[in-house]
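**Q** Each chain, written out:
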Amino acid sequence: MTAEDAKISAYAHPERLVTTEWLAEQIAAGRVGGPDGIALLESDEDVLLYTTGHIPGAIKIDWHVDLNDPVNRDYIDGARFAEVLGSRGISRDTTVVIYGDKSNWWAAYALWVFSLFGHEDVRLLDGGRAKWIAEGRELTREVPEPTPVEYPVAERDDAPIRAFKDDVLAHLGTPLVDVRSPGEYTGELLHMPDYPQEGAMRGGHIPGAKSVPWARAANDDGSFKSREELEAIYLTEQGLSPQDDVVAYCRIGERSSHTWFVLTHLLGFDSVRNYDGSWTEWGNAVRVPIER
Amino acid sequence: MSSPAPTPLPPSLAEIAEDFSSASNDLKLQLLLEFSDELPGLPERYAGHLDQLERVDECQSPLFLTVEVEDGTSLDDRPVHLFFDAPAEAPTTRGFAGILHEGLDGLTAAEVLAVPDDAPMRFGLAEAVSPLRMRGMVAMLARIKRQVRAKTAA
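Chains as they are written, first to last, in the working numbering: chain Y, 1 to 292; chain B, 1 to 154.
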């Protein structure tokens, strides 16, 4: 067993994470793509990054264009989700592996949205796009043409893993994790460094929220820290417990998807919800309490 | 009631807008990637001197730009030159810069200042890359015009 395999097997739900080595073996064995194969999806912040070159067999999925409703501030519905997956040759029982840029932010976001629809077997590639490239592995510009399949229309089940503003108001006093940068947490910044277009009227954080910037869970190469290191941050330092009912938030819910993944799948917390309205809702809402 | 006709784009930019508008979403992304690939690198005098460039914070990934305006007697005979720097991992941002470079570099200061602020929204790109991402290009154009205005002020 390699050191990476040992790291992954120590997580609460090791089946949620695959290594670059494992993926390379699956590709070499012809097990990626095709009607019975693994579906490999790339989910990036930059909508063009996939087009510049991607892991062989990977199909693009875009958080804006594919997963968000084009009109309402919400995710797509079950019928649209069935279309998005079916057109990519993904069945309800397909193993889906997602990877992306920026330490898998957007990959974790896509995985969380897949989870809203109850897609059972969905995993992340540890380290994402950056690690694959750093290891000198193959990239291609060849875009697969999957044979469309029938994906059932599954109703989105938000309640277990998604929190809305009213849920958060009712949740005040129980654990909240603010995963934004320290400047956003204290209210000095009304937006994330480098992202002023997603600002808010008020700065600060939701009362009682603990500040744990999402990137603390990632190594420099984009992979997740070991279970031991993660426990030191979330359990020892922050005093959270896997039995806690936790809500995580950021600015639009993508960085907090990364933390949601860490708490739920790597540390085995029972009840973690992602508040995707996050600061762009809370910091613009009238008469909600704010702490600075 | 009819609304006033929109301010026209300069021919070089109008041609690019036409290419994008008539393309499918997939083709729009291919075109944008070509602009990203073809964005000229910084000339020697700027390479390694990003502090001499203006940082465009509105882009999702950092972009630096600067403008040079040649000498002349009026805004109508002073050509404008544009310089950009953005990392290869940010092809969308590079693509936006490439469009502006191709469409505006070499125009006179007067022509650049006359480019309507909503020009980036006339490429039909929003549906391919999402409206949120278009804000970066709007911000680039605004900063280019601001620099031209500052550099031609008497």
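Among the hints, erroneous ones may be present.
Beta-carbon label-pair distances, calculated as ranges [claimed, not checked]:
hint : chain 1 : residue 1 : chain 2 : residue 2 : range
1    : B       : L132      : Y       : D270      : 32 to 42 Å
2    : Y       : E83       : B       : L27       : 40 to 50 Å
3    : Y       : A159      : B       : T7        : 43 to 53 Å
4    : B       : G106      : Y       : E138      : 50 to 60 Å
So the derived list for chain B, only partly shown, Cβ under 7 Å to chain Y, looks like this [unchecked claim]:
hint : residue
5    : L29
6    : L32
7    : L53
8    : P87
9    : A90
10   : T92
11   : V129
12   : S130
Sample of chain B residues lacking proximity to chain Y, with all beta carbon distances greater than 10 Å (derived) [said to hold, decoys possible]:
hint : residue
13   : D19
14   : S22
15   : S24
16   : L42
17   : F64
18   : E70
19   : S74
20   : L75
21   : H81
22   : E102
23   : A114
24   : R143
25   : R146
26   : Q147
In short, the hints are calculated from the structure, not lab data. Note that CB positions come from ideal geometry on N, CA and C, so glycine has one too.
**Q** Could you run down the list of hints and mark each one as holding or not?
**A** How the hints compare with the structure:
1. B:L132 to Y:D270: 32 to 42 Å: holds (34 Å)
2. Y:E83 to B:L27: 40 to 50 Å: This hint is violated: roughly 21 Å between Cβ atoms.
3. Y:A159 to B:T7: 43 to 53 Å: holds (50 Å)
4. B:G106 to Y:E138: 50 to 60 Å: violated (40 Å)
5. L29: holds (5 Å)
6. L32: holds (6 Å)
7. L53: Result: violated, 16 Å to nearest chain Y Cβ.
8. P87: violated (10 Å)
9. A90: holds (6 Å)
10. T92: Holds, about 4 Å.
11. V129: Since the shortest Cβ distance to chain Y is 5 Å, the answer is holds.
12. S130: Hint holds; S130 of chain B Cβ to chain Y Cβ min 4 Å, cut 7 Å.
13. D19: holds (16 Å)
14. S22: holds (19 Å)
15. S24: The claim holds: S24 of chain B sits with its nearest Cβ about 14 Å from chain Y, beyond 10 Å.
16. L42: L42 of chain B clear of chain Y: closest Cβ-Cβ about 20 Å, beyond 10 Å.
17. F64: holds (13 Å)
18. E70: Its Cβ never comes within 10 Å of chain Y, the nearest being 32 Å, so this holds.
19. S74: With a cut-off of 10 Å, S74 of chain B remains clear of chain Y, as the shortest Cβ separation is near 36 Å.
20. L75: holds (31 Å)
21. H81: holds (25 Å)
22. E102: holds (17 Å)
23. A114: Non-interface label stands for A114 of chain B: nearest chain Y Cβ at 26 Å, farther than 10 Å.
24. R143: holds (13 Å)
25. R146: Given that every Cβ of chain Y is farther than 10 Å from that of R146 of chain B, nearest at about 16 Å, it holds.
26. Q147: It holds; Q147 of chain B is separated from chain Y by about 19 Å at its closest Cβ, greater than 10 Å.
Of the numbered hints given earlier, the model fails hints 2, 4, 7, 8; all others are met.
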